[in-house]
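**Q** This is what each chain is made of:
Protein chains: 2
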Amino acid sequence: MRIMEQEKQKTTDGGNVEGVDQTEVACESCKLFGFLRFFEGIGVESSPQFLSRQRVVAKGERLFVSDQPFHGIYAVKEGSFKSHLNVDQQGEQIYGFYIPGELLGLDAIRVGVYGYQATALENSRVCLLPFEQLDALGPNLASFQEQVIRILVDQLRHDQRQTLLVGRKSAEERLGAFLLNLAERYARHGFGGDGFRLPMLQNDIANYLGLSMETVSRTLRAFREQELVNIQGRRVRLLNPTCLRSITQYCADAQPGG
Amino acid sequence: MRIMEQEKQKTTDGGNVEGVDQTEVACESCKLFGFLRFFEGIGVESSPQFLSRQRVVAKGERLFVSDQPFHGIYAVKEGSFKSHLNVDQQGEQIYGFYIPGELLGLDAIRVGVYGYQATALENSRVCLLPFEQLDALGPNLASFQEQVIRILVDQLRHDQRQTLLVGRKSAEERLGAFLLNLAERYARHGFGGDGFRLPMLQNDIANYLGLSMETVSRTLRAFREQELVNIQGRRVRLLNPTCLRSITQYCADAQPGG
DNA sequence: ATCAAATTTTGACAATTGTCAATTTTGGCG
DNA sequence: CGCCAAAATTGACAATTGTCAAAATTTGAT
Numbered sequence: 001m002r003i004m005e006q007e008k009q010k011t012t013d014g015g016n017v018e019g020v021d022q023t024e025v026a027c028e029s030c031k032l033f034g035f036l037r038f039f040e041g042i043g044v045e046s047s048p049q050f051l052s053r054q055r056v057v058a059k060g061e062r063l064f065v066s067d068q069p070f071h072g073i074y075a076v077k078e079g080s081f082k083s084h085l086n087v088d089q090q091g092e093q094i095y096g097f098y099i100p101g102e103l104l105g106l107d108a109i110r111v112g113v114y115g116y117q118a119t120a121l122e123n124s125r126v127c128l129l130p131f132e133q134l135d136a137l138g139p140n141l142a143s144f145q146e147q148v149i150r151i152l153v154d155q156l157r158h159d160q161r162q163t164l165l166v167g168r169k170s171a172e173e174r175l176g177a178f179l180l181n182l183a184e185r186y187a188r189h190g191f192g193g194d195g196f197r198l199p200m201l202q203n204d205i206a207n208y209l210g211l212s213m214e215t216v217s218r219t220l221r222a223f224r225e226q227e228l229v230n231i232q233g234r235r236v237r238l239l240n241p242t243c244l245r246s247i248t249q250y251c252a253d254a255q256p257g258g
Numbered sequence: 001m002r003i004m005e006q007e008k009q010k011t012t013d014g015g016n017v018e019g020v021d022q023t024e025v026a027c028e029s030c031k032l033f034g035f036l037r038f039f040e041g042i043g044v045e046s047s048p049q050f051l052s053r054q055r056v057v058a059k060g061e062r063l064f065v066s067d068q069p070f071h072g073i074y075a076v077k078e079g080s081f082k083s084h085l086n087v088d089q090q091g092e093q094i095y096g097f098y099i100p101g102e103l104l105g106l107d108a109i110r111v112g113v114y115g116y117q118a119t120a121l122e123n124s125r126v127c128l129l130p131f132e133q134l135d136a137l138g139p140n141l142a143s144f145q146e147q148v149i150r151i152l153v154d155q156l157r158h159d160q161r162q163t164l165l166v167g168r169k170s171a172e173e174r175l176g177a178f179l180l181n182l183a184e185r186y187a188r189h190g191f192g193g194d195g196f197r198l199p200m201l202q203n204d205i206a207n208y209l210g211l212s213m214e215t216v217s218r219t220l221r222a223f224r225e226q227e228l229v230n231i232q233g234r235r236v237r238l239l240n241p242t243c244l245r246s247i248t249q250y251c252a253d254a255q256p257g258g
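Which chain is which? The protein sequence lines are A and B, in order.
Okay, so the first sequence: first residue is 1 according to the numbering used here, each after it adds one.
Okay, so the second sequence: first residue is 1 according to the numbering used here, each after it adds one.
In case anyone wonders, no lab produced these hints; they're calculated from the structure.
Careful: at least some of the hints might be erroneous.
[Said to hold, decoys possible] Selected chain B positions facing chain A (in silico; Cβ < 10 Å):
{"#": "1", "residue": "Leu85"}
{"#": "2", "residue": "Gln93"}
{"#": "3", "residue": "Tyr95"}
{"#": "4", "residue": "Ile109"}
{"#": "5", "residue": "Val111"}
{"#": "6", "residue": "Leu134"}
{"#": "7", "residue": "Leu180"}
{"#": "8", "residue": "Met200"}
{"#": "9", "residue": "Leu201"}
{"#": "10", "residue": "Ile247"}
[As the list claims (entries may be wrong)] Computed cross-link-like contacts, EDC-like style, restricted to lysine to aspartate or glutamate with a CA-CA straight-line distance of at most 20 Å:
{"#": "11", "chain 1": "A", "residue 1": "Lys169", "chain 2": "B", "residue 2": "Glu92"}
{"#": "12", "chain 1": "B", "residue 1": "Lys59", "chain 2": "B", "residue 2": "Asp204"}
{"#": "13", "chain 1": "A", "residue 1": "Lys31", "chain 2": "A", "residue 2": "Glu146"}
{"#": "14", "chain 1": "A", "residue 1": "Lys169", "chain 2": "B", "residue 2": "Asp67"}
{"#": "15", "chain 1": "B", "residue 1": "Lys169", "chain 2": "A", "residue 2": "Glu146"}
{"#": "16", "chain 1": "B", "residue 1": "Lys169", "chain 2": "B", "residue 2": "Asp135"}
{"#": "17", "chain 1": "A", "residue 1": "Lys169", "chain 2": "B", "residue 2": "Glu214"}
{"#": "18", "chain 1": "B", "residue 1": "Lys169", "chain 2": "A", "residue 2": "Glu24"}
{"#": "19", "chain 1": "B", "residue 1": "Lys169", "chain 2": "A", "residue 2": "Asp194"}
{"#": "20", "chain 1": "B", "residue 1": "Lys169", "chain 2": "A", "residue 2": "Glu214"}
{"#": "21", "chain 1": "A", "residue 1": "Lys169", "chain 2": "B", "residue 2": "Glu173"}
{"#": "22", "chain 1": "A", "residue 1": "Lys59", "chain 2": "A", "residue 2": "Glu24"}
A virtual CB, placed ideally from N, CA and C, is assigned to each residue, including glycine.
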């Protein structure tokens with residue numbers, strides 16, 4: 001039945017997505033925006049035309065799969081995604097979550113294939129910056145690549161922190177850092193209000209953080225009992241970020257996807 | 001006293017390093033070799049002259065430190081290094097180990113500063129590919145950056161595997177994967193003989209893998225008792241890589257540093 | 001060769017987290 | 001509005017790993 005749901009959604013290309021309570025990100029707050037200048041005048045145009053290259057992805061549908069040929073950089077416009085890989089039939093490993101304004105697939109740019117798959121966590125919309133031949137960028141290529149390198153390095157540093165987090169920190173610290181990071185990323189893209197919506201299952205959070213689902217549930221309860229956070233269903237509000245920060249020893253961090 | 005040792009070594013620049021039982025890597029087996037073509041004819045020359053740009057680094061001495069301005073890519077010629085960062089006065093986190101033929105510092109290339117520090121694990125020698133302005137590369141810049149992107153992406157995938165390893169695997173699996181990875185890297189750079197020398201302390205291995213020193217010691221003993229490996233002091237030989245691989249579910253992996 | 005310091009090994013025990021199973025809650029759909 | 005499936009919660013227990021302390025071994029310097 002999930003398949004049918006997908007088919008239904010696929011045909012409504014360009015329309016509004018049902019069931020997404022998150023507002024879409026403004027183009028100016030999107031990481032993709034900074035890339036557009038490289039493409040001006042060579043076929044991939046600036047924002048108005050660019051916006052028409054959107055794609056609707058239904059909850060559970062995959063945006064791309066591992067080893068699929070690279071066909072461009074995706075930016076999440078609305079909704080959210082997880083990147084993950086199914087390793088030797090022992091279950092999946094989730095590498096990251098992507099919220100509106102963040103980029104997906106950039107690290108396939110020179111290898112030519114995606115190294116993992118991306119699945120929509122809810123009904124979502126993405127913008128695609130398509131390019132088959134980077135050479136079309138001409139004199140812009142070097143500065144474009146420079147930008148790519150910068151983002152990859154950011155990602156690298158994020159991954160190193162993640163390794164530290166997942167390898168050496170307690171469940172409390174991991175979950176605290178996770179919540180703070182997410183809050184910061186939402187704020188960065190213009191969803192600065194009070195609290196945010198968790199788009200992923202606790203199961204996914206557990207997988208991402210290297211914990212069991214039960215530990216995630218129990219740790220969140222502990223946070224609730226200490227009045228550090230307010231969690232009702234999918235809605236989260238950080239009641240005492242300062243305290244959470246000190247428990248977690250969290251310091252600001254690059255977001256995955258640049 | 002460590003300081004004095006360093007000073008002594010610093011003055012013997014270019015000479016042979018004492019106490020290194022590892023042979024130096026041949027230039028043709030070094031990751032840096034592939035970069036040289038980009039620099040031909042613009043001041044940084046091909047291998048013979050390039051080799052004169054070497055630096056001796058004594059055991060315990062730092063090759064560079066965090067936030068220091070980027071001044072080039074290092075390749076390990078002889079000896080070994082660890083990359084690490086001291087996070088909020090709670091001890092260091094080791095991000096990687098580097099053996100002859102591998103590169104250090106590449107990810108500082110566009111940010112402009114190193115994001116961690118690198119310390120010699122033994123008396124070592126490095127080659128420096130120095131460059132202040134990439135622009136001097138002229139028309140070669142784009143293809144040089146392409147190479148850099150490829151290496152960064154490899155590194156990214158390695159880091160993702162590392163996160164998986166450290167976050168979700170048992171001590172046995174982590175240590176098995178560590179040994180297999182190291183053996184493979186030594187083989188790749190021409191040290192294919194029987195076994196290799198562990199250049200780092202068990203303490204460092206523990207730190208890198210997110211384990212305690214004691215667990216590393218005990219797990220190695222278990223491997224020894226199962227006759228999977230032969231460990232005498234620093235010398236390691238894998239007696240049954242096949243079995244180790246199946247215990248570990250290890251599959252080949254990019255090396256850190258490209 | 002010898003000695004001191006650093007590293008590794010070992011044991012006992014505690015703490016954190018995972019596993020399994022059952023129950024409750026939530027969310028989507030008719 | 002209520003039903004059903006998915007998700008989350010809870011409890012009991014087990015297993016892995018960490019911590020602390022002491023002993024043994026290795027390493028490096030004299």
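**Q** Determine for every hint whether it applies to the structure shown.
**A** Structure-based check of each hint:
The interface hint given for Leu85(B) holds, since its Cβ lies 8 Å from the closest Cβ of chain A, which is under the 10 Å cut-off. Residue-level restraint check for Gln93(B) holds (minimum Cβ-Cβ distance to chain A is 5 Å; threshold 10 Å). Taking 10 Å as the C-beta cut-off, the interface hint given for Tyr95(B) holds, the closest approach to chain A being about 5 Å. Annotation: interface hint on Ile109(B) holds; nearest CB of chain A at approximately 7 Å, less than 10 Å.
The restraint placing Val111(B) at the interface with chain A holds, with a minimum CB-CB distance near 6 Å, inside the 10 Å limit. Hint status for Leu134(B) relative to chain A: holds, with the closest Cβ pair at about 8 Å, below 10 Å. Interface restraint check for Leu180(B): the shortest CB-CB distance to chain A comes to about 15 Å, outside 10 Å, so the restraint is violated. Because the beta carbon of Met200(B) sits about 16 Å from the nearest beta carbon in chain A, more than 10 Å, this interface hint is broken.
The closest approach between the C-beta of Leu201(B) and any C-beta of chain A is roughly 17 Å, which is over the 10 Å cut-off, so the hint fails. The interface hint given for Ile247(B) is violated, since its Cβ lies 13 Å from the closest Cβ of chain A, which is over the 10 Å cut-off. Our distance criterion of 20 Å between C-alpha atoms is met by Lys169(A) and Glu92(B), whose separation comes to about 13 Å. Taking the CA atoms of Lys59(B) and Asp204(B), the gap is near 14 Å; set against the 20 Å cutoff, the hint holds.
Taking the CA atoms of Lys31(A) and Glu146(A), the gap is near 15 Å; set against the 20 Å cutoff, the hint holds. As the CA atoms of Lys169(A) and Asp67(B) are separated by approximately 25 Å, the hinted pair breaks the 20 Å bound. Of the pairs offered as hints, the one joining Lys169(B) and Glu146(A) is violated, with about 36 Å between alpha carbons and a cut-off of 20 Å exceeded. Between Lys169(B) and Asp135(B) the alpha-carbon distance is near 44 Å, which puts this suggested pair outside the 20 Å criterion.
Annotation: proposed proximity of Lys169(A) to Glu214(B) holds, straight-line Cα distance about 18 Å (limit 20 Å). With a C-alpha separation of about 38 Å, the suggested pair Lys169(B) and Glu24(A) falls outside the 20 Å cut-off, and the hint is violated. Of the supplied pair hints, the one linking Lys169(B) and Asp194(A) is violated, its CA atoms being roughly 37 Å apart against a limit of 20 Å. At most 20 Å may separate the alpha-carbon atoms for a hinted pair to count; Lys169(B) and Glu214(A) meet this at roughly 18 Å.
The hinted pair formed by Lys169(A) and Glu173(B) meets the criterion: a straight-line CA distance of about 19 Å does not exceed 20 Å. Using a Cα cut-off of 20 Å, the hinted pair Lys59(A) and Glu24(A) holds, with the two alpha carbons roughly 16 Å apart.
Comparing the model with each numbered hint stated earlier shows that hints 7, 8, 9, 10, 14, 15, 16, 18 and 19 do not hold.
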